[in-house]
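Here this note's numbering is used: the sequence shown runs in plain steps of one and ends on residue 766.
Be a bit skeptical, because a hint or two may be false.
Said to hold, decoys possible - What follows is a set of in silico ranges between Cβ atoms, one per label pair, in the way DEER data are often shown:
1) Arg579 to Gly661: 23 to 29 angstroms
2) Ala601 to Pro556: 38 to 44 angstroms
3) Ala625 to Gln580: 14 to 20 angstroms
Said to hold, decoys possible - Here are the simulated DSS-like pairs of lysine-lysine, each with C-alpha atoms no more than 30 angstroms apart in a straight line:
4) Lys179 to Lys169
5) Lys468 to Lys169
6) Lys66 to Lys294
7) Lys294 to Lys169
Rather than coming from a laboratory, the hints here were simulated on the basis of the structure. The beta-carbon is built from N, C-alpha and C at its ideal position, and this holds for glycine as well.
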Amino acid sequence: MAEPHDGAAVAVAEPHDGAAVAVVGMAVRVPGAGRDLDLFWHHVVNGIDAVTFFTPEQLLGWGVPKDMVERPDFVPARAVLRDADRFDHRLFSYSPSDAALMDPQQRILLECAWAALEHAGHPPVAADGNRIGVYVGTGLNVYLLDNVWPDERAVEAAGGLGLIIGSDKDFAGTRIAYKLNLQGPALTVQTACSTSLVAVHQAAQALLTYDADMALAGGATVAPPTRRGHLHEPGGIFSSDGRCRTFDAAADGTVPGDGAGVVVLKRLDDALRDGDTVHAVIRGSAVNNDGARKAGFTAPGPTGQADVISAAIGVAGVDPDSVGLVETHGTGTALGDPIEVAALRQVFDSDRPDRAPCALGAAKSVVGHLDTAAGVIGLIKTVLALKHRVVPPIAHLATPNPAVRLDGSVFELPATARPWAPIDGVRRAGVSAFGIGGTNAHVVLEEAPPARPRPRRHVTELVLVSAKTAAVAQDSLDRTVACVAQTAPGELADLAYTLRTGRARLPWRAAFLTGSHGAPAAPRQVDARTRARGVALHLTGAGELTGNRPNYDADPVYRRVVDEGVALLRDRDLDEAVRQRCTRLLACVGLARSLRSRGVAPRALAGGGLGAVACAVVAGVMSVADALALVCGADVDGLRLGPAELPVHVPGGQPPTGPDGLAYWRARAAEPLAPAVPPQLDGALWIEVGTSVTAHLGPDAPALPADRHARLLAIVGALWQRGLAGAWDPVHDSGRRRLPAPTYPFAATRHYLDAPATRLDSERQH
């Protein structure tokens, strides 16, 4: 098997036709792997089955009737989703009672939507004005029928409207849009087991018609824990032994399962422009229905399947011979598998003698049939295969089913994983989903385009973490520290950028700096955001540019101030003392502006002597050029003094800004270093900026030496923890890209109404 390869890209050397859609984020909840994409891929590539088998004692304890457990055709197996009864109600501001009444499928979709946006590097609670769409669907709300309706007290307490809003499929998409502030189209899609792939198609169409600029698509199916098995009927859909043996001679049905998946889509050109990680590209997709061209309503239709695959390939504008993998619907049924391959052969059979073989895939052989979530899980599996450049095996494949008739076709059934060689220089795949009732969907995927190298910086970075509760914040901090420790130094700037701009700002916060060689420095303790009363800057006028390469290299705002000042001084013949005063002024102004560009918005400024002149520059009273001219003793009769943009405290009171201000400012510029003790401002936190000797505000006031870039970031991190630092100026993020990073570790709190039998047993025990 080939070594895993990260095929993700963030830029390309050649333009595209504008009709391609990028997969920029993914989230799953799958049997055996939970939320872990890497573990899901590990199971897929190694053919590890996630089906759980139950003992008679377990089944009886869950309330399954004894006569059912003892039936010879009862199969005690299901691909179970762990913690499906748990939900982070605090994160989404639900009461425990409302969370317990809500359809678990919609709760899981809500968490998947949050995680998928974070995986994409975009904040899960979007800013106003966004055009982010939602296209999702769920399975039958069995929880409502089996668990909620029988609980008369819960139904009465909820009221009719409350029960409907928490339970009905109509609100699956709009619930996500409301909770995450997504302002594009929000639709519930329902086409049985093709639901989530149809949702992907609709989301892609919305992007291409500019109804949305980004879109979430997916689905969820979750049945209550009491549904712990199925009845096998010869020739039916469900397996006799609890194994889904797609395309195998022993195949006799699928295994039902629980799961969910959500992808984040974006127009490819926009994703490349915005520095998103592109995991794969949707080149085209199509949806149709069988109509009456089949044996019955629940039967598969080969003509409709062939038509939708052909249509998707046509939309994609690719040669069918270039497709190296098709992720099939693959139910493992005696009727479905032969019909599906017959339809595929109508499209893919080739007369080309050197046509490379096309592998077939079947996610259901690993995770079972996830119903409405099956299509998007097959899509995510295929995206991972493209990223790793590996053709995964079909689990449980021992002897190919002769009824499938692969002889003479382009298709092969991989029993083990193998490297995925490109065809004509590119790797492409198809993904199919066919719903009971005849709605078919097919998506054509292509590997991410080759990446163009981006500039990497090897400097100290500030990493920010936040969560809704202290425990979750600590968990998130631990995961982030571990991620930073494993990140290459050249990627740390991108990782820090992703965590800073692609996460919600929640009350419990932590911040830490990356140390040398990418290792995290000691993390700060998780703190709750306090009601801060603001920050003020005391500009001392101290500090040197000499040896201050870290600030200059790492900080474009600081660098711009320095470059502007140096250019203004270039033709001046200055003695060393004056030149040092000029550089101190520039250092102080540069640091103050750098703080402001990182979201530290001061309530006031204070300073004496040269520091007062720096205050005037930062407050907009005078320009850098006029300030330097004053320090140099040059003729500044034309000094332009504007109104201060914020309060400035200097010796003698408020600084003059009118025509008589020249003498005052000339005197301040000529004074020796004269720090002023600023007034108390209703509890504002004063920061001493520019000092390299000692703080003048007492031991509790942070001091910011001019030559300490790490100190600047540490202060910003401490202020962010206290709610005093906001959004960073985009200038700091120029050329940065979004990387997959640790997503929110949702609190697993049980919110569940037990079914009557289980509830009765619980009451008896108490």
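Legend entry - Numbers of the earlier hints that this structure fails to satisfy, in rising order: Numbers 2 and 6, in rising order.
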